[in-house]
Structures are given as structure tokens and as C-alpha cells.
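Produce the complete structure using the sequences and hints provided.
Numbering of the sequence shown is given in the numbering used here, commencing with residue 1 and proceeding in unit increments.
Hints in this document: simulated from the structure, not taken from any laboratory. Idealized CB from N, CA, C, for every residue including glycine. Treat the hints loosely; a few may be bogus.
Here are the simulated distance ranges between beta carbons [said to hold, decoys possible]:
hint	residue 1	residue 2	range
1	18	49	41 to 49 Å
2	50	18	45 to 53 Å
3	23	2	15 to 23 Å
4	40	17	30 to 38 Å
5	11	39	21 to 29 Å
6	15	47	19 to 27 Å
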Amino acid sequence: MVTEAQYDAVTAAMSGSGARSAGLAKKAQSRHDLIAEFAKDYGEEANRLA
Numbered sequence: 001m002v003t004e005a006q007y008d009a010v011t012a013a014m015s016g017s018g019a020r021s022a023g024l025a026k027k028a029q030s031r032h033d034l035i036a037e038f039a040k041d042y043g044e045e046a047n048r049l050a
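And the structure:
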């Protein structure tokens with residue numbers, strides 16, 4: 001998932017402007033947000049179980 005988000009971000013940056021670039025940037029941001037949410041939940045659960 002992290003690799004896919006990085007790929008989308010790089011592809012969006014190399015695409016320049018336009019709808020395709022905006023769509024890829026949105027997709028990359030969505031994956032980034034999902035990863036951040038997972039990391040937060042994982043940290044909270046690890047602390048709870050410690």
C-alpha cells in the first residue's frame with residue numbers, strides 16, 4: 001500500500017497538470033490518509049495492549 005501511494009504521488013508529479021494528474025494526486029492523498037489512519041490505530045492498540 002505504501003509503495004502504491006508513493007507510485008501514485010510520483011506519477012502525478014511527473015504528469016504535470018490536468019485531470020489525470022489531479023486524479024492521481026487525489027488517489028495518492030487518499031492512500032496516504034488511509035496509511036496514516038492505520039498507523040494511528042495500530043499505535044493506539046499497541047499502547048492499549050502494553
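Quick rundown of the hints versus the structure:
Under the hint 41 to 49 Å, the C-beta atoms of residue 18 and residue 49, about 47 Å apart, fit the expected range. Between residue 50 and residue 18, the C-beta spacing of about 48 Å keeps the proposed range 45 to 53 Å intact. Distance hint check for residue 23 and residue 2: the Cβ-Cβ separation is about 20 Å, which falls inside the suggested range of 15 to 23 Å. Judged by the Cβ atoms, the range 30 to 38 Å given for residue 40 and residue 17 holds: they are separated by roughly 33 Å.
In this structure, residue 11 and residue 39 meet the distance hint of 21 to 29 Å, their C-beta atoms being roughly 23 Å apart. Evaluation of the 19 to 27 Å hint for residue 15 and residue 47 yields a failure: the beta carbon distance comes to about 40 Å.
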